[in-house]
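Participant: Sequence:
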Amino acid sequence: MNVEKQILYFSRLAKLGVNKEILTTLPELAETMFTSTRHCRALLKELSIAGWIEWTPKVGRNQRSHLFLNYSLEGMKSELSQQLMREGSYEKALNLIDNDQELFGRLLKRTSGAQQHQGRLHVQLTYNRQFSSLVPHISQRNSERFLLRQVYSCLTRCDELGHIQPDLAHHWNYDEQTLVWRFYLRPYLKFHDGSGITSKVVAELFQQLRGIAVYEQEFSHIKDIRAINPLCIEFELSESDPGLAGLLSQIKYSIQPYVQDLRARKVVGSGMFKVTEHTPQQLTLQAFDDYHGFRALTESITIWQVAEQSSRVFGDTVLQAEMGKQTSTLCSNYLSVDGGQSELESEQRSRIEDGCLLTLVNSRAKLSLSQRKYLSQLVSTERLLKQIASTTDKVEAVPAYNLLPDWLGMLQIQDGVEPLPKKLTIGIFEHKALKKCAPIITELLEQVGVKCTTKVYSFEEFHQRAVNNELNEDLLLTSMNLDENRPISAFYWMWSNPIIHQSLPEPEAIWLMGRLTEIRSDKPITTYLKELEPLASALITSGWVIPMFHHRQTLRFEGVLKNVAMNTWGWPVLQDIWSDENLAS
1 MNVEKQILYF SRLAKLGVNK EILTTLPELA ETMFTSTRHC RALLKELSIA
51 GWIEWTPKVG RNQRSHLFLN YSLEGMKSEL SQQLMREGSY EKALNLIDND
101 QELFGRLLKR TSGAQQHQGR LHVQLTYNRQ FSSLVPHISQ RNSERFLLRQ
151 VYSCLTRCDE LGHIQPDLAH HWNYDEQTLV WRFYLRPYLK FHDGSGITSK
201 VVAELFQQLR GIAVYEQEFS HIKDIRAINP LCIEFELSES DPGLAGLLSQ
251 IKYSIQPYVQ DLRARKVVGS GMFKVTEHTP QQLTLQAFDD YHGFRALTES
301 ITIWQVAEQS SRVFGDTVLQ AEMGKQTSTL CSNYLSVDGG QSELESEQRS
351 RIEDGCLLTL VNSRAKLSLS QRKYLSQLVS TERLLKQIAS TTDKVEAVPA
401 YNLLPDWLGM LQIQDGVEPL PKKLTIGIFE HKALKKCAPI ITELLEQVGV
451 KCTTKVYSFE EFHQRAVNNE LNEDLLLTSM NLDENRPISA FYWMWSNPII
501 HQSLPEPEAI WLMGRLTEIR SDKPITTYLK ELEPLASALI TSGWVIPMFH
551 HRQTLRFEGV LKNVAMNTWG WPVLQDIWSD ENLAS
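Just so you know, we're using UniProt numbering here: the sequence shown kicks off at 1 and counts up by one.
If you're looking for bench data, these hints aren't it; they were derived computationally from the structure.
Note that the coordinates shown come from a computational prediction; the quantities given were computed from them, not determined experimentally.
One thing to keep in mind: the hints can contain errors.
Said to hold, decoys possible - The calculated SDA-like cross-link candidates involving lysine to any residue, where the alpha carbons are at most 20 Å apart (straight line), are: (1) LYS15 with CYS40; (2) LYS423 with SER370; (3) LYS190 with SER240; (4) LYS455 with GLY416; (5) LYS435 with SER370; (6) LYS200 with GLN177; (7) LYS223 with GLU144; (8) LYS451 with VAL379; (9) LYS223 with SER240; (10) LYS373 with GLY543; (11) LYS200 with VAL259; (12) LYS15 with ARG61; (13) LYS373 with SER240; (14) LYS432 with ASP415; (15) LYS432 with LYS45; (16) LYS455 with ARG364; (17) LYS523 with GLU533.
To be verified - Pairwise CB distance ranges, derived in the manner of DEER restraints: (18) ASN19 with GLN130: 38 to 44 Å; (19) ALA509 with ASN95: 16 to 22 Å; (20) HIS170 with ILE510: 36 to 42 Å; (21) LEU411 with GLN447: 44 to 50 Å; (22) ILE510 with ARG120: 54 to 60 Å; (23) ALA307 with ALA565: 49 to 55 Å; (24) PRO534 with ASP100: 30 to 36 Å; (25) GLN207 with ASP98: 29 to 35 Å.
No residue lacks a Cβ here, since even glycine has one placed at the ideal position from N, Cα and C.
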């Protein structure tokens, strides 16, 4: 009998009561279940074997049998739905619970983790918001950038120290006399749709990118891009750039067959995982068999969008793997494992993010140097976090005194009071921490008689308005997040971040670009962070940039999953997740 019919008959029994002993007879139950006594006897045996009920029949005149229902109807549906989820039958599970999205989300969290199906490992996660389209040629948030790294490859890679490594290109060289770079592709490379990755395709892609506004500044020194032969791409420059190989390791230069539609859901990539489904409710990635590097240990990853629970913890981005336990800790997303072991050593890995949340003082506010310095004192990281601590149970954020946690901290000298405008406007994008910080800044400024109003944009609109030079708010709250190629990521955040460049007045913007151009022309990538530190410090000292805090990223998991490491984005390294469950021979 199928599950739907079993539930139908069980629902009729549930009217008699749950978790209590019921004295009854077979004819009475047959009447309750709207069936014959013969069929009723078979049904009771079937439901008993399934563990739904306990049935002890009694024989003889005036003897009443014993019936005990182990589950409520809702509890039974939940149990069956979880079983269906573990088998990958999500639509059936949702139908079983009458499309109850809230319950579906709770069950997803309980069943998340790693599952073995036919000897292959499948990982299920839950996340607190929808993912935007996974195309690399638009501004993307932190988690989308992590996913882009899974779906696409670049010509090169750059590690956290600035060393360039092969990716789709196995070798490259730079002629300092002719200002020409050449990159040599591996043979027989394929996109996820099976089409070939050739120098012609790559050259045409970069030519397309040159026409997109967010690439113009970074590509302004490139005269021509051409395919020399099927496996060689040549970049001709107008000025020296010994670090171009590092530039091309950025996520925005991921290799795709063409510039894909911004609304594309099932994108075509070149990385270790391919997108097989992308809806507002879920994202599914499948290991790509023709990937040019080591194949992922994980066969597939499904990430479900589930609204997060409210939390009293601030500044802690947590991914958690657990053994059926509930938690009250704030989680941006969960890596949960449902298993049978009761005592396993719990591990936790934590790191301070590369980057910070920060306030930019818009030059359109026309604040003087002394006003900007006074403002920096009023909304300093210490005052901000102290105020936040009074409104929440726990603050996990770390004070920020510079853009990166390992850069020299810039302390503000307490100057005198400086009159500020009676009104200031604040611009932010949809971001949980920023939406928490904006009211706190408003409170701090109201204490000195400044009234603030806040405008909340979508992430996409916030960045597009910056590109169009249309962010008019006096204070702009934003974030600096680095990828795994730290030196390159930090350099090009300063070089081409539209929010910074629309905020700075023209003299400061010209000064910044001049210094960055000198670094790009003369310095090796391995020294970029050292060279950038005094530039960031100067922007902070002059009051244009006010660091707020660094997030603490935490990954917690139990012993069922092996090699669960945390990466730069605060996510687990998905391709290396594995489990020895059911693998022992």
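Participant: Hint by hint, say whether it matches the structure.
Facilitator: Tested hints:
no.: 1; hint: LYS15 with CYS40; result: holds, 16 Å
no.: 2; hint: LYS423 with SER370; result: holds, 17 Å
no.: 3; hint: LYS190 with SER240; result: violated, 32 Å
no.: 4; hint: LYS455 with GLY416; result: violated, 30 Å
no.: 5; hint: LYS435 with SER370; result: violated, 27 Å
no.: 6; hint: LYS200 with GLN177; result: violated, 25 Å
no.: 7; hint: LYS223 with GLU144; result: violated, 31 Å
no.: 8; hint: LYS451 with VAL379; result: holds, 14 Å
no.: 9; hint: LYS223 with SER240; result: holds, 12 Å
no.: 10; hint: LYS373 with GLY543; result: holds, 5 Å
no.: 11; hint: LYS200 with VAL259; result: holds, 14 Å
no.: 12; hint: LYS15 with ARG61; result: violated, 26 Å
no.: 13; hint: LYS373 with SER240; result: violated, 37 Å
no.: 14; hint: LYS432 with ASP415; result: violated, 32 Å
no.: 15; hint: LYS432 with LYS45; result: violated, 53 Å
no.: 16; hint: LYS455 with ARG364; result: holds, 16 Å
no.: 17; hint: LYS523 with GLU533; result: holds, 14 Å
no.: 18; hint: ASN19 with GLN130: 38 to 44 Å; result: holds, 39 Å
no.: 19; hint: ALA509 with ASN95: 16 to 22 Å; result: violated, 57 Å
no.: 20; hint: HIS170 with ILE510: 36 to 42 Å; result: holds, 39 Å
no.: 21; hint: LEU411 with GLN447: 44 to 50 Å; result: violated, 22 Å
no.: 22; hint: ILE510 with ARG120: 54 to 60 Å; result: holds, 56 Å
no.: 23; hint: ALA307 with ALA565: 49 to 55 Å; result: violated, 28 Å
no.: 24; hint: PRO534 with ASP100: 30 to 36 Å; result: violated, 56 Å
no.: 25; hint: GLN207 with ASP98: 29 to 35 Å; result: violated, 53 Å
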